[in-house]
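J.: Spelled out, the chains give:
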Amino acid sequence: MQSPDLAGLFVSTPSAARRDRPRALARAALTAVALAFLGVVVVLPVLAVFAKALEDGVFAYLRAVVEADALAAMRLTLWIALLVVPANTVFGLAAGWAIGKFEFRGKTLLTSLIEVPFAVSPVISGLIFVLAVGPRSVLGGRLLESGIRVIFAWPGMALATAFVTFGYVARQVITLMETTGRDKEEAALVLGASGWQTFWRVSLPSIRWGLLYGVILCNARAMGEFGGVSVVSGHVRGMTNTLPLYVETLYDDYRFSASFAVASLLVFLAVVTLIAKVLVERKIKVP
Amino acid sequence: MAYSHRAIPGFRLSLGFTLFYLSALVLIPLALLVAKSQSGGFSAFWRAVTTPRALASLKFTLFVSFVAAAINVVFGSILAWVLARIPFPGRRFVDALVDLPLALPTAVAGIALTALYADRGWIGSLLAPLGIHVAFRWTGVVIALVFVGLPFLVRTVQPVIAELDPAVEEAAATLGASPIQTFAFVILPTIFPALRAGFAAAFARALGEYGSVVFIAGNMPMKTEISALLIMTKLDQFDYVGAASLGVVMLATSLLVLLLVHASRTASERRRAVA
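If you're matching them up, the sequences are chains A and B in order.
Counting from 1, position 216 in the first sequence corresponds to residue 216 in our numbering; the numbering is continuous, with no gaps.
Every number in our numbering is 1000 more than the matching position in the second sequence, counting from 1.
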């Protein structure tokens, strides 16, 4: 055991100064390892997407992203997000209100059940809807007889996407509703506000940034989901291809640079999501 | 007063809608999955999940998920440490980059990693002369899973490191501990619960991962086929009972992992509350 160097606790001694140089070196080494790892694992793949996308030139890139099938995939991606994100937002607000403002039996169980979809493989998220409303199920068979196709069409893809993104908004809203408590709401009600007025004018404004945070994450996952929609889509070009599925279709056709061109659109989506996320996080920290 | 029983209105409406939406979208479909897996009796379920191909896929999935989560424990912790402790220019940018795997669609990650690690790719062409082939091997699958698991590890460990008091380490150093001793006896015990939780989260995520893996895996039955892909194959063959059976096993595994994390977290919180 080395001699205890208690003086170093109070003043900078020569021995402390001698320790500083190796420590600075160690810090530099750690930083280098961390950045190299992040560079290889995360940054290089993103750069590779753009390099591959532009391999055949800018014109080929532009042609690939405005092709009719690409535009149809964009429309379907937007359509599904437009259905799923508001639905999960309404659910998140309802769950947040019930769990955050009230005490009842089974509350912990309910909170855990809302987390379950996070633990489910995307493939299973698609599989359960093939089993529930697929052409071979009782309900799906009935629907098909009346001319409604759920699986291998957009309604099934919306269901799988809603499952995959189920808890993104609820998770945020529940935490926020719990921390903001119920004092302000009670004050508003005593002063004569109706229930809805209290919700719109008191509760919602105080959780708006957290809510937005959940919506941003939900939207990114909804637009980027691959495994879940892949199971229920049937991969009909121009009909049931979302952007991520279209990337796969092009890739399987050996149209690599077109595939990476469409993939680069999804990289833009990811980058916009991250920027929005950082901005909102700053808002949450500084109220 | 209308609000005499409960001061705040809307309990029945909000809870009712929550339960309805949760049941319709999550509970009933998952119950149907379990029912389907047992529709041919338990023996049919058991046969479906113990075929050599199913067992090989389950073993392979567990193996690659474990290796990827372990790699993330080492490098993810270093990254978390650097982000929490060491100031350097562009730190906030790097911090935001850590979340990229969560925001990037998995299919994009899949084709990008395949392009990088194929024998003619930027990294693959450096490794191929050394006789190392990554794409279409198990190593490629591990790399894809490291990519998707990284944010889970960093985001679990980083806040715990940020809360560590540097004075404690300085005290250890002043009392004569070497940096390695300080790490092993002072830092590691404090961050261990977070490491375990981060490992489990990355592991659980990897178990079900599909999009980033299928492009780089090569998908050779018995060799590099993950369970999620085998479910897809069974669905394409209209083997619904087989697909559901395998799905139930995967579902049970990832729920078990997360349950263990939850239990250990509650236990360590209780210990901290006592101390």
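By construction, these hints were calculated from the structure, which means they are not laboratory data.
Keep in mind that a hint or two might mislead.
What the hints assert, rightly or not - Label-pair distances were calculated between CB atoms; the ranges are: (1) B:1007 to A:146: 43 to 53 angstroms; (2) A:183 to B:1070: 42 to 52 angstroms; (3) B:1063 to A:255: 29 to 39 angstroms; (4) A:107 to B:1091: 50 to 60 angstroms; (5) B:1070 to A:200: 21 to 31 angstroms; (6) A:236 to B:1120: 50 to 60 angstroms; (7) B:1090 to A:146: 35 to 45 angstroms; (8) A:60 to B:1267: 26 to 36 angstroms.
Glycine is no exception: its CB is placed at the ideal position from the N, C-alpha and C atoms.
J.: With reference to the structure, classify each hint as holding or not holding.
T.: How the hints compare with the structure:
Evaluation of the 43 to 53 angstroms hint for residue 1007 of chain B and residue 146 of chain A yields a pass: the beta carbon distance comes to about 47 angstroms. Taking 42 to 52 angstroms as the suggested C-beta distance range, the pair residue 183 of chain A and residue 1070 of chain B conforms, at roughly 47 angstroms. Taking 29 to 39 angstroms as the suggested C-beta distance range, the pair residue 1063 of chain B and residue 255 of chain A conforms, at roughly 34 angstroms. Roughly 39 angstroms separates the CB atoms of residue 107 of chain A and residue 1091 of chain B, a value that falls outside the hinted 50 to 60 angstroms.
Against the hinted window of 21 to 31 angstroms, the Cβ-Cβ separation of residue 1070 of chain B and residue 200 of chain A comes to about 49 angstroms, which falls outside the hint. A hinted range of 50 to 60 angstroms is violated for the C-beta pair residue 236 of chain A and residue 1120 of chain B, which are about 32 angstroms apart. Between residue 1090 of chain B and residue 146 of chain A the beta carbons are some 58 angstroms apart, a value that contradicts the proposed interval 35 to 45 angstroms. In this structure the hint that residue 60 of chain A and residue 1267 of chain B lie 26 to 36 angstroms apart at CB is violated, the actual value being about 58 angstroms.
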